[in-house]
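Could you slot chain W onto chain V? The hints should help.
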Amino acid sequence: MSRRPTGPSTERVVMLAGNPNSGKTSLFNRMAGARQHVGNYPGVTVDKKSAKVSFRGVEFELVDLPGVYSLLATSPEEAIARDEILSDRAAVVIQVLDATNLERNLHLTAQLTEMGVPVAYALNMIDEAEAKGLKFDLERMSALLGGPVIPTNASRGDGVPTLLAAALDVAAAGQACTSHVNYGADLEASIAAVAEGFEGDDAVSARRRAIALLDGIADPHAPPAALESVARELNRLAIRGGRPVDVQMAEARYGFALGVATEVSASAHHVWHDRTMRMDSVLLHRIWGLPVFVALMWAVFNLVFALGEPPMQWIEAGLGGLAGWVEAVWPAGAAPLLRSLVVDGVIGGVGGVISFLPNILLLFLAIAFLEDTGYMARAAFLMDRLMHKMGLHGKSFIPMLIGLGCTVPAILATRTLDNKRDRFTTILVTPFVSCGARMTIFALLIPAFYAPRWRGWVLWGLYMTGIVAAIVVARLLRGTLFRGESAPFVMELPPYRVPTGRSVAIHMWDRAWMYLRKAGTLILALSILLWALGTFPRRTRFTRDYEADIAAAPTPDARAELQAARQAEALEHTLVGRLGKWMEPAIRPLGFDWRVGTALVGAFAAKEVFVAQMGIVFSLGGAEEEEPDSLRRALRQNYTPLQGLAMMLFCLLSAPCLATIAVTRRETRSWSWALAMLVGMTALAWGITFVIYQSGLWLGLGGA
Amino acid sequence: MSAQWLDRLAVMLAVAFAVSWLAFHYRHKWRKNKESTGGIGACGAPCEDCPYSKDCGGKAP
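Chains as they are written, first to last, in this note's numbering: chain V, 1 to 704; chain W, 1 to 61.
A couple of the hints might just be wrong.
Result set (BS3-like, lysine-lysine): computed pairs, CA atoms no more than 30 Å apart in a straight line [claimed, not checked]:
{"id": "1", "chain 1": "W", "residue 1": "Lys32", "chain 2": "V", "residue 2": "Lys420"}
{"id": "2", "chain 1": "V", "residue 1": "Lys420", "chain 2": "W", "residue 2": "Lys29"}
{"id": "3", "chain 1": "V", "residue 1": "Lys518", "chain 2": "W", "residue 2": "Lys32"}
{"id": "4", "chain 1": "V", "residue 1": "Lys518", "chain 2": "W", "residue 2": "Lys29"}
Calculated from the structure, these hints are not laboratory results.
The shape of chain V in the complex, shown without the other chains (with noise of 0.2 Å):
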């Protein structure tokens, strides 16, 4: 609750705030009338008009603030307009809003709302916006608005007694405005930063100081902790946003305003004053939006492959020079054993994964230059209308986006949903988008099985499917267990801009360390633990005397058949390959063997371990691990693109990584739900894999 003053009506002081020309000095004296006093303010050439007004038996004064575009106190009136309004005199803060031009009076909200102050809106010139084919959702821009919105006409007096009423009754709660302006990761990180140096003020009082000096606005009562804090700060978004501070906190409240107009109104006539509108007139547009973002993606996926598939075939042909260097340098008789877990489980394993990285980078390339541009943002704000419509909340978008990278994260990220419901709900969906270790699978898979022109749509119709799963599985819930409504947040429209070459630089430095710290750690354990339980225990006694027959074979080839047979034969009495045969009869309706069974298991620990596992059987199963592109042929003469349509599919849908279920199980503090999450997804994965896989044959398109 607000410090502001609810006590004897006598004490309330009502501002009116706004830009200049919003009709702010119309609705001063519409409601002030003949009592008005007008004076300075003390020490300043800036007038001060006041008036003591009653209405419907409340007393209180009025003070009329100097029109301003902003309260970054950069000119003496912004100073006053700013001191007033937190001198905790004021009970409610009216802001005028010009209809005509409400995105450019949005931009003195967006810095209102940081006051900490009860707010209410004026909606002022509504009769000349409707005249021009505006129309405003009042409702929606209430609740966006964190106050209540009401449409006046001030020269004429329409609207003003609501208003005042309006006013009045938010005074009377105390309860400061909620909605806020989200500066995004890196400035928020910096504000969060600085504001931990006021140590003696409140979240809001610091959060809004810290905002002001990384602004450039100068306080000489700040903390030596929060001013150490700045420099640095200012330092480091200086160099990762590649543009003043300053210009990126005024973006991120353009964008606020822009978020606010676009979602509130609509203009019939379509005037586009700038590129940014022209371009979201076509890119947000009710109809086209959603095409032209699916579009995006599905190019996005076929560059993926298309300029991905060189430089994977560089690294395979570089691991395939390493493992036959290696081979060539260590007899095959000296530390056999030694020998197979380097060559067969640290390269097979390892290399498989670190193979990918090309894809993976292009895709994370791909997603920081749609998120530079400030398109992200507008993909957000398409999906929000349409995660309104099957009743979730927009916000969820959000964790999803981030899921696209890492679902830890992005479970991590549904903390800013407030109501528990929405944030259960999309904890428990937000694993079906695809992340980027699984990006490592299909890079394997889908070359393996489709040829060049089919791949970008097989990856694009992957990664839609993991999203309408998502969106539907939430629909269930929010249906069923998680009744209830929505509450409305504002999704930021950034300018549209050129990326800088070193932000997206740095995007992908960072995925692609993370990327091989991971092959390097936790893979490469995983690789020697997978490799020794596909080697352990040794067979010692065959079906069929191999080393006889193998000697006797007319033909190459047949000498080869024979091997491998002895091969495939030494697996299965390993651990992994009993494992394999343990679970084989609850996966063989979906068109996998033990072998895959077996990589499935290992993807529970890290989803990039499936394709390390399967590196690793088809190595020691015989494969040619010094030739490029050897696991791929060994997949295709081993399974049908329906079956590796089927893995994916089920990789896709089923149960997330041990990661993802330990933050779950912390977020929700409940080991139902992270149970729940475990056993509903490799269920759901199940019966559709199931369904696909069954179709696909009976359709004749191929099986085992």
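Relative to the frame of chain V, chain W by itself:
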């Protein structure tokens, strides 16, 4: 010691190292999860374990 035993010993050491690393890795993550008191990132969630936490370069609501 025969070459065969050296071979087995080397492999056993490698596997033991991998298993120990995994055990410590998951134990460390589990304890961090349990005792999470770290900073809150731009997205409003704890920074611990978050791959975007370094400079918080990821997307945030």
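Structure-based check of each hint:
1. Lys32/W <-> Lys420/V: holds, 24 Å
2. Lys420/V <-> Lys29/W: holds, 26 Å
3. Lys518/V <-> Lys32/W: Given that 30 Å is the threshold and the Cα spacing comes to 18 Å, the pair holds.
4. Lys518/V <-> Lys29/W: Holds, at about 14 Å.
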